[in-house]
Every structure is written in structure tokens, then in C-alpha cells.
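Let the hints inform the model, and build the full structure from the sequences given.
Heads up: the sequence shown runs through residues 1 to 713, numbered per the UniProt record's numbering.
Treat the hints with care, since some could be wrong.
To be verified - In silico lysine-lysine, DSS-like type, Cα no more than 30 Å apart, as pairs:
| hint | residue 1 | residue 2 |
| --- | --- | --- |
| 1 | K271 | K244 |
| 2 | K662 | K186 |
| 3 | K224 | K244 |
| 4 | K224 | K271 |
These are calculated hints, taken from the structure and not from any lab test.
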Amino acid sequence: MSRTLTDSSVTAAPTEAIFPATGADAVQVSKSAPASDTDTADHEPTVQRRIEVVRPGMQTTVQDWPGRIGYWHIGVPPSGPMDDLSFRLGNRVLGNAEGAAGLECTLGGPALRFGAATWVCVTGAVAEVRVDGRPVEQWRTVEVPAGGVLDIGAIRGPGMRTYVLVSGGIQVEQFLGSAATFTLGKFGGGTGAALRADDTLELGEPRTRLAAAVPMTDIPAFGKRWELAVTEGPHGAPEFFTRKDFGTILGTDYEVHFNSDRTGVRLIGPKPEWARTDGGEAGLHPSNIHDNAYSIGALDFTGDTPILLGPDGPSLGGFVCPVTVVAADRWKLGQLTPGDTVRFVAIRSEHAAPAEALGPQRRASTGTVVSAGRDGDDGILRRTEADDETSVTYRRQGDDGVLVEYGTLTLDLGLRARVHALHQHLIALGARGVLELTPGIRSLQIRVDPALLPIPMLLDLLAEAETQLPNSDQLIVPSRTVHLPLSWDDPATREAITRYMHGVRADAPWCPWNIEFIRRMNGLASVDDVYRTVFDAEYLVLGLGDVYLGAPVATPTDPRHRLVTTKYNPARTWTPENAVGIGGAYLCIYGMEGPGGYQFVGRTTQVWNHRARPSGTAGPGVDRFAEEAETPWLLRYFDRIRWHAVEADELLDLRADFAAGKVEIAVQDGEFRLADYRRFLTDNADSIADFRSTQAEAFGAERQSWRSAGELD
1 MSRTLTDSSV TAAPTEAIFP ATGADAVQVS KSAPASDTDT ADHEPTVQRR IEVVRPGMQT
61 TVQDWPGRIG YWHIGVPPSG PMDDLSFRLG NRVLGNAEGA AGLECTLGGP ALRFGAATWV
121 CVTGAVAEVR VDGRPVEQWR TVEVPAGGVL DIGAIRGPGM RTYVLVSGGI QVEQFLGSAA
181 TFTLGKFGGG TGAALRADDT LELGEPRTRL AAAVPMTDIP AFGKRWELAV TEGPHGAPEF
241 FTRKDFGTIL GTDYEVHFNS DRTGVRLIGP KPEWARTDGG EAGLHPSNIH DNAYSIGALD
301 FTGDTPILLG PDGPSLGGFV CPVTVVAADR WKLGQLTPGD TVRFVAIRSE HAAPAEALGP
361 QRRASTGTVV SAGRDGDDGI LRRTEADDET SVTYRRQGDD GVLVEYGTLT LDLGLRARVH
421 ALHQHLIALG ARGVLELTPG IRSLQIRVDP ALLPIPMLLD LLAEAETQLP NSDQLIVPSR
481 TVHLPLSWDD PATREAITRY MHGVRADAPW CPWNIEFIRR MNGLASVDDV YRTVFDAEYL
541 VLGLGDVYLG APVATPTDPR HRLVTTKYNP ARTWTPENAV GIGGAYLCIY GMEGPGGYQF
601 VGRTTQVWNH RARPSGTAGP GVDRFAEEAE TPWLLRYFDR IRWHAVEADE LLDLRADFAA
661 GKVEIAVQDG EFRLADYRRF LTDNADSIAD FRSTQAEAFG AERQSWRSAG ELD
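In C-alpha cells, the structure reads:
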């Protein structure tokens, strides 16, 4: 059965929203927002302006650039072409807007039949390209005749991805403002999936061909050994890594692991010595931190395993990142192939080329970094005092981002209140050049366009903001109680543990039963105590997008319910959708299938509505606009989650009903007042201290057993 990927072929969103947002939490959506100037308001593609997919290739997806911007704060990655340089050069030579939708092909390309004569340009890694059986060159504009077939063969290497750009661009329905396909999230590209045989793609208005070919001087060089330009930070030495560790990171050739994809490029390299013994409340391993927002291109140490985060990577997580690939070098991540070697080369942040630069202006268009040199500040841009009690640290996140951190490395809801106040202040300010605002537990990530808002100017803006923020004790925010089902120790989570033991690591201390591991780490008498603690707890949502798509990172409001554990090391490669886990002192609901590291306690129903199809754009970090707007995500910051127990079979029925739009979530309105919460802590200080003492003793015993077994050095 053929699928037509076009604006008019996708069923409109149902009139009843599964997750209707109202008032201050609503989102303004638009059902028809063009992605680029390749679209025209009154143009309806004719039947002839189509591509028929004869052979889909291994993993061919529709992408546009810069992708889905403005939703990092709810766990929606930008997606878009992993090698944006090859993609944009192909569009430019065709006369398209640089971001016009095209095709990304991984390892092996498609065969495509064109209904009308169309100019195309194939860029990226070297592959055999033919038009009606006749070889044609890459990086050149080529006309495919009406009825002709463009055939992209297997990539010969080096490189991993090839791009097919067409005059006028590909026309598909937008989701959250972009045509980019996010296959893990099942949206974008018209169908949310890679191309399949017999699919048809509508094309936009044809453009005048501007050039015969991409200039030779602009074509990026591919190889088997790559240098990546990086900046220091956000998590450097000597706080998290030793000086020797940092020297090793910059002085080692890492190898690309075969288990790499668009979410991240996994690397093989030396194990750090680490500057800390553990992550405290964030987890047992020294790589663990309180969850903060990640940057695309960050070198993320998930335990001892380094992973370069890709355009489909997670927005929020609890691992340290010592260096970040600069925006102009991130195209290289899309061409890294298993077995390639990677060397990180530190550069001064002001030497980074503009992210949007192409051709000669883009100095990093080869596999070698031409301008080495370090900022030498360990990723710390500035330190100051927010008030008499709270410090603030500004950390570098690449050349286009700053991570604002409050206080010390502790779980303190007062720090989250300060983050909230800054977040709301910046939204209201609406500074030109701010692209994303993403809160973490004690941090706020601010991603900017440096051409519009240079980092030094951003730091001055943030310093001024601190003088205008209200006292945290004044925080009063809407706080709904959301009642969700939980299938305890669900068969799907058991299966994930089994897969992990068979495919990743069989001897991990948390295997074969995560719940027993949680009991042991917290000094509880039985697993029934774990059960009672989880179901008695009220979990306050502190962040969204912790492992994608509105997935909450939450912690119990009552510290006596905070079960502390560590995360998987190495991380899992597969986690079932809506699994519920604990990592550090935090609970997470996984928004979709994917990797993960939290210790399982069960599974719940969906927190993301795939039936909702909003297509408009929000501002950076903004999730509230017009009345009665439909949003795909269920939860909001400062919601409280309460669990009620269901059997595994009952949960499967609930999930099926939910997918069909038949489930109503019980929600009660309320408020969270920080001043009241602090009084609660004071009134219960003695029993909270007793609980923490028992927990710390068990935590220490587990750490000692790990050290005896060689898990910790």
C-alpha cells in the first residue's frame, strides 16, 4: 500500500485533545506553517511533481535544517541532517533555501522515480549515483527526466551518509514547525518513519538552477581519521575530571563504536580516573550529576563510556560533559563510521566559525582542525553570588550556549525555584537571539545565535537579570496532582534487563533485579518497603524531556520517600516506552523506546500523545500561549505525580485505550508554595535526618562492595 507524504494526505488532528492545555499552560499551534521559502501559500503540487520510492534504501528520511527548534525544554530534539554542511551545500547549488527539506541516506541510498523533469544534487559520502542507469557525479546539479530513476547505491566510504536535494524541496506536513523526521518519536517527514517502497513524495515549486556544481573548495573532505574542534566545558577539571583525565581526552585517538546512530556516536577510549568518588544524591558513579540540559555535540560520559550526542539525542540527562563540539564542526558527526578514529582539538571559543557559514567562510570544512588553542578556563565563564546564600556559575556549552547553575551539588527545591524565576524572566524579556531555554534540576541552559546575541553580551544580560529576580521564598506556581497507573516490576522492564544482560553486561550489580538493588542501596528491609515507598510518594516534576518527549524528571516532595540509586554503566541500549525508573534521587518516565540508565520499578501509560499533530512554533522555552490549544505532552513543570497500582494486563489495556483516545487522566489543580514546603522540612527535620542516615550507611556499604569488586578505583 502506497503512502503519499504531503500536506493534504495527513489526517488532521482530532477535535478532542487527549492533553488539552488551557490558560497559562496552553500552546499556540498553527496547522500550516511553511518551513522555508520553498513553500508557497497557494501552491498545491501537481501529480507530476512527485517522487515515487522504488527502493527505500537502508535508512532514508526526510530532513530539513535547522530542524525542530524551540522544543528542547520538553524533550523534542531538533533532528535535521546529521551532516548539515553537505545538506545545505546541495540546497544552495539548486537555488533552494539552505534549509529546504531533502533526503538523508544512511549506508545505502534509495531508487527514486520522478514524475516530472527535476534538477537534483547528491552530496555527502561517496556512493555510486545513476540516472536511468547512467553514472552521474555527486556535488553537481543533474536533471532527472520525467519518468526517470535516480539510483543511489551503497556508500563506498569513507563517510556514513549521503544527501539527495531536489529543486523546490520536498513538501510534507510540518510537525512542531519542521518537516524533519524523528523516527524514535514517530513524527516528522509526513509519516514519522523512514521511507518505504511505494511511498510518494510531493515536490515544491521548481527553482532556477543557479550553479552547475558545488565549488571544489567548498566540498568537505572525508577520511577515516577525524579531528573535531571542541571548547572546554561545561564539566571540566578539576571539579569532575582530573587534569590528567582532561589531558587524556584531548590527547587520545578514540575509536567509533559500531553501536552508534543519530542519537549519539559511541566511542571506545580510556576510562577516566575521575576527580570525585561518586555523584552523591545524583548517583553512585562519579559521572552522575543532577540532571541538566545537554548540547548537541557534547561529549557525554555515561558512566565510563563517552558518547557524542547527535541531533536526535536527549535534551536532558544526568551525566557530565567535559567538552562540546563547536557548531561549525558538528557536521562531521554525521560522517563518523564504525572503526574511524576521532581526536578532540580544543580551540578558543572566539575562533569558532559561525554555525551558518558555508564554503570558504567555514574554516572547519575538512577533517582537520586548523586553529588549535584552549580557553584555559575549565569551561567556567563566570562565577558570582545570586544572593547572600546562593552562588551562580556560568558554564560554557559549546560556542552557542551557556549553562547557568545555582548553588552547590545538592538536591534543593529552592534552587529549582531560582531556576524557574530566571526562566520566566527570560521568557518575558524576549531577548533577540535566544533560541532555547531548558531548565534542569539546579540549572538553566540558554542556547543562542551568537551572531545576534554574543556570549559576552548574554553574560551581561544574565547578570542584570539576577538583580531583578524575586526572592525564591515568594515562589507560588500552579501545581496539579496527576494520577497515573503503575504496573510494578512490569514484564517489559524485566525483558529490558534480560536484553541488557545478554547484550551489554551480565555481571552488573543491579542485575538481574533492579528493585532488589534499590532496596539494598537504601537500607530497606524488603522489596515490599520499596513498593510502599514509591506508592506513598508524591513526585514533583522538576524537568521535562529526561529521555525525550515530555518525560518527567521528578523527585519526592518528602525527603523520606527519596530512594537513591545509581544509573546503569554502561547505559542500556533499549528501554520500553513509558518504563518508570529511579536514578540518583530522581524518578523518570521514559517518553519512548530508546537507551537509558535509570533502575526500573515498573511501567505506566503514555505521557506523550501521538494523535496530537500541532504544527506551529513556540518561543524558546515557552509552553503556554493561546486558549484551548492542543499539546502532545501531558505533564508540566511543578506537577505532582501520584501512582496507583495496576496489573500488567490491565496496563496493556489502558495503553491501547490511551492510543485510541479513550483514556481520561485524573488531574486535580493546586499550588506549590516554596515557603510552605520549607516549613514542612523544618517541622520534620529529625525524622528526615534519621532516614538519610540509614540511607547514607547503606549507600556507603554498596560503594565499598563496588570498590572491593573493582567497580570503583
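Practice task
Mind checking the alpha carbons of K224 and K271 for me, to see if they're no more than 30 Å apart?
Solution key: holds, 23 Å
Exercise for the section: Verify the proposed pairing of K662 with K186, using a straight-line Cα cut of 30 Å. Expected result: holds, 20 Å
Practice task
Assess, step by step, whether the Cα of K224 is no farther than 30 Å from the Cα of K244, and give holds or violated.
Solution key: Measuring from Cα to Cα gives roughly 27 Å; hence the hint holds.
Problem - 30 Å Cα cutoff - pair K271, K244 - result: holds, 11 Å
Going down the numbered hints, you'll see the structure goes against none, and every one checks out.
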